[in-house]
Amino acid sequence: MNSFGFYEPTSVGKAVGIAADRPDGKYLAGGQSLLAAMKLRLTAPSDLIDLANMPELGKIELDSKANALVIGAMARHSEVAGSAEVGARIRALASLAAAIGDRQVRNRGTLGGSIANNDPAADYPAGVLGLGATIVTDRRKIAADDYFKGLFQTALEPGELITSVVFPVPKKAAYMKFRNPASRFAVVGVFVAQMGSGVRVAVTGAGAAGVFRVKAMEDALAKNWSADAVKSIAVPPAHLASDIHASAEYRSHLITVMAQRAVASA
Amino acid sequence: MKISVSLTVNGKPVSAEVESRMLLVEFLRDNLHLTGTHVGCDTAQCGACTILVNDKAVKSCNMLAVQAQGARVTTIEGLASNGSLHPMQEAFRKHHGLQCGFCTPGMVLNAVSLAAQTKSPTEAQIRDALDGNFCRCTGYHNIVKAVREGLAQMA
Amino acid sequence: MTDTTVREKSTTAAPAAAKATGPIGARMERKEDARFLTGAGQYTDDVQLANQSYACFLRSPHAHARIRSIKTDEAKRSRGVLAVYTGADIPATVGGLPCGWLITGSDGKPMKEPKHAILAQGKVRHVGDPVAIVIAETCEQAKSASEKIEVDYEELPAVVDVRDAMKKGAPAVHDEAPDNICYVWALGDKAAVDAAFSKAAHVTTLEFVNNRLIPNAIEPRACNASFNRADDSYTLYVANQNPHVERLLMTAFVLGLPEHKVRVIAPDVGGGFGSKIYLYAEETVCVWASKAVGRPIKWTAERSESFVSDAHGRDHVTKAELALDKDGKFLAMRVKTAASMGAYLSTFASCIPTILYATLLAGQYTTPVIHCEVTAVFTNTAPVDAYRGAGRPEATYVVERLVATAATEMKIAQDELRRRNFIRTFPYQTPVALTYDIGDYDACLNGAMELADVKGFAQRKAESAKRGMLRGLGYSSYIEACGLAPSNVAGSLGARAGLFEAGEVRVHPTGKVTVFTGSHSHGQGHETTFAQVVAGRLGIGIEDIDVVHGDTGRIPFGMGTYGSRSIAVGGTAIMKAVDKIVAKGRKIAAHLMEVSDTDVEFKDGKFTVKGTDKNVPFAQVALTAYVPHNYPLDKLEPGLDETAFYDPTNFTYPAGTHICEVEIDPQTGETRIASFTAVDDFGNIINPMIVEGQVHGGLAQGIGQALLEECVYDRESGQLVTGSYMDYAMPRAADLPSFKVGTRVTPCTHNPLGVKGCGEAGAIGAPAAVMNAICDAIGVKDLQMPATSERVWRAIRAKA
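Residue numbers (numbering that gives the first Met the number 0), protein chains in the order written: chain R, 0 to 265; chain G, 0 to 154; chain V, 0 to 799.
To be clear, the hints were calculated from the coordinates, so they are not data collected in a lab.
Some hints here could point you the wrong way.
Lysine to any residue pairs mimicking SDA-like chemistry, simulated, CA-CA at most 20 Å apart [to be verified]:
{"#": "1", "chain 1": "R", "residue 1": "Lys38", "chain 2": "V", "residue 2": "Ser723"}
{"#": "2", "chain 1": "G", "residue 1": "Lys55", "chain 2": "G", "residue 2": "Arg147"}
{"#": "3", "chain 1": "R", "residue 1": "Lys38", "chain 2": "V", "residue 2": "Lys739"}
Between the sequences and the hints, there should be enough to build the whole structure, so can you do that?
Shown next, in the form of structure tokens:
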């Protein structure tokens, strides 16, 4: 690992200020992807700005007026998975968090870190997009539909810091994951949600350009919320990823199967 | 860049000036000579480096030493007390839950931390909880038995 | 969860195993566990020497390239760097890494042995081939400096698949082998086999790949080499399974150092599975450089280095045929295999697909004639060598996939077809050179069927079907040749080393005992098992016996641990040393009791005058040997310390039946092991707890091969695609069931303990059992390992 400067700001303002002066620096959240990449010398930031000293970033709260869960960017996966509030309001999100990586990774990894990294096989992007969540940063609010911009690409500007994510509480939702036998990331992960505003279906792991929504499934489920409704809807392999673990064709098939199972279990 | 870090390791306060890039596992092994924590991979998957930070199992190869500022760290060397093995260590011995011993410290510490979640898990829950710990020797059969008994003894 | 472990008494004569008397046969907790459980184990990377320096290897990023030039100036000037060496710095007197087994081809010519330089000279031949070593004050400094070495490569076309490598015009890995052929070797009577096939009522044919595996011991390879100028000696700590072999090969064949000036210590070793048998370039370079630099040099592989530089396993492409008569009696078997050697011949590479493969093709059956032709092929990949089972899993896969397929095709029940062909008369001379001394294959098959509840399978299958799931049952009745090996037999087959084992039993004046064994323990629990063997014979507690292994400076000699040989060969050597102790002790006791030594017997830790209760305890004899005041000094030397070397007269033949039951989700192709049963005959068992553990571990690796693990090189670029745990699927706890294991016992006839060895059985039997179960579940003839979800899904879909 190369050398780097290390900063431990105690407020969002200070963190953003440090980042502004260090264009080659990075925020350090849980570090489960970032530190691993730095060890392999795949990335070498000049500075790390540790986000661990801002308790407000770790909060999980219900905004009852908006009927939404506000989850701090530094909420660890294990905290979301074990949160009574999340379990009661959005069980699908708790079970999504509980299926990320392994116990040790879940004890360190964070919501904000995951969606800032936007790994195309990560689980959280499916939950954020599937629930139509809003990403709150130090400077603005970004709708999930405007946030994910392709492989490891997001709408975040340089130095912009995610502080929380607002998840509207769905009527029904579920996440079904077919995991990679080696990495435990998603080969295909499908998040389905029946929201007040309509149905959303988001797929992670499969897209050649990262997480995406499946409109045909959303339309079908809006008419008829049942596993059968999506049974014959396939996402064409052309836009799907293909690797040694799964061809695009197989991923296409798995999306349909996982979508059915998600609907059935929601 | 050197940074001063203070933490508690196995009940003893420790302070040091460390490079920012120093991993927690390197700090434990190289600075404190606690070589019971092992490194088996470079992608934070095998779990041989698992330790407890504030009673939670984490992979010390995927955490900087400076991130342990103020933390309470437990390594395998700190588990036995007054010369007698922790119930989980005893259970691993009784059920032959280890062979070469390399994955064992991480396996035992992860199992110990499971007690905070459940004292009587099902076999499937135990196996899922061990997802972040690779063992190439035992086929996990006896580890599962050991974890079950260790948790029961901790209750 | 229930404890599914079942132990059964012998179904055949087995006096020594029928009842545990004393420590032999007892489930004793392991002596070594206390240190491993408290973090007090000492693995190679834990060893820190005064004035320590650290090494990093720069490795080839290309599968095949010519090195035009290497610039090291900037790296040498980097902070903390002590030295940088490339292939050009290695003296011409330094040899290549040797291969320990000479295979002579069918054409009478010796195999091709291109030089395996310790640092690349002129060319690199696989991704990960070491090109330079950087030695620095810290590991980080060495790594940073290695990035400053500029290597100008001229990329060459690469070939990674044996089928591609055998094609006309394929890129040549070595100039010495322009067709990439290392050797073409054959065993058996081809004319007789062809004749039998022409008369067969049924022929079953299969063509498959035995997938390449990466051993992945959780402790990565490591070494720490130092030079002592006081006496011109070297000390090498290394994660290795056979330190004496390491020393012999390194000193005599590569570095030209006096053997007695090098001490090799393999301290606690975190798993081996074959991958730590070999002499590797890294530790050899570090020993050489430790004198040049004048500092101890430590190198510990990162996992990504292990993936590209540890010796891999398997990688066979095979066509196999079985000829049967109308009643399902096996008439002949014909096998043609192309085996990858990788880019260079590793230490035992050449004997794996030949001596340890073709000779096992009789399996448990009376097949009268067998012919096997093996073509060993160089490819631009990491070297391939023994990995748990080594040749025998590949042979079992051939035999048991053929037998299962033939049974299905001929509509004969799986167990019935096996029974019709089992060998039942011993000793049995196979048509492929081995003589089985003893076995009871029906006993293991019956035991496994009972334990697996085969009777209830139809009902379980129906229940699965109700849930929309497929269920299948697969058998694998394997045999292995273990206890390697009679040296003269091995020598006649091309071995360049002996295969005996040495043991020393040192009785201290107080009657405590230290055992020095050439067998190395890296998880097998020798410190306990060997202590039990000695304790049982001497009548003392295992707490009074320490077992020392893994140090050429303390142990007389040793051939090391591989091929499930430790108890059968190493244990026997110790027994013979104990016999010498007892024989001498009897003379001392006879002197003390003033009787003839023929009147003295040794039992329960006492030397007793036959027919009386007059006795001298063992500890008193020990004290007398070291304080020889009242002692027959005219006839007997003082002291009580004996060494024995044991060279076995035959291989041992563990055998058994594994039964796997799978449940498959037809929508996703996901396969779950519903249950796995293994009933094995390992001969007599010293510690059942340890033996079960060995079986469990082997099964996990065998199931891993069948369901998860596959080393993939990109066929165009030669890059390793599965270069980390992100892509190489290791078996995790949730991928496996609790196993049902049992044993049957026919004691080995040619060693005093009646033991056969148990370390590899699981990995040998399991892959065929799993694949037979999957083929049964989905009703297809064959499927490529590993049976990934996609492959299974495609097979189901193709059938529908």
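These are the hints, each one checked on the structure:
1. R:Lys38 <-> V:Ser723: Holds, at about 13 Å.
2. G:Lys55 <-> G:Arg147: 19 Å, holds
3. R:Lys38 <-> V:Lys739: Violated: R:Lys38 and V:Lys739 sit about 41 Å apart, past 20 Å.
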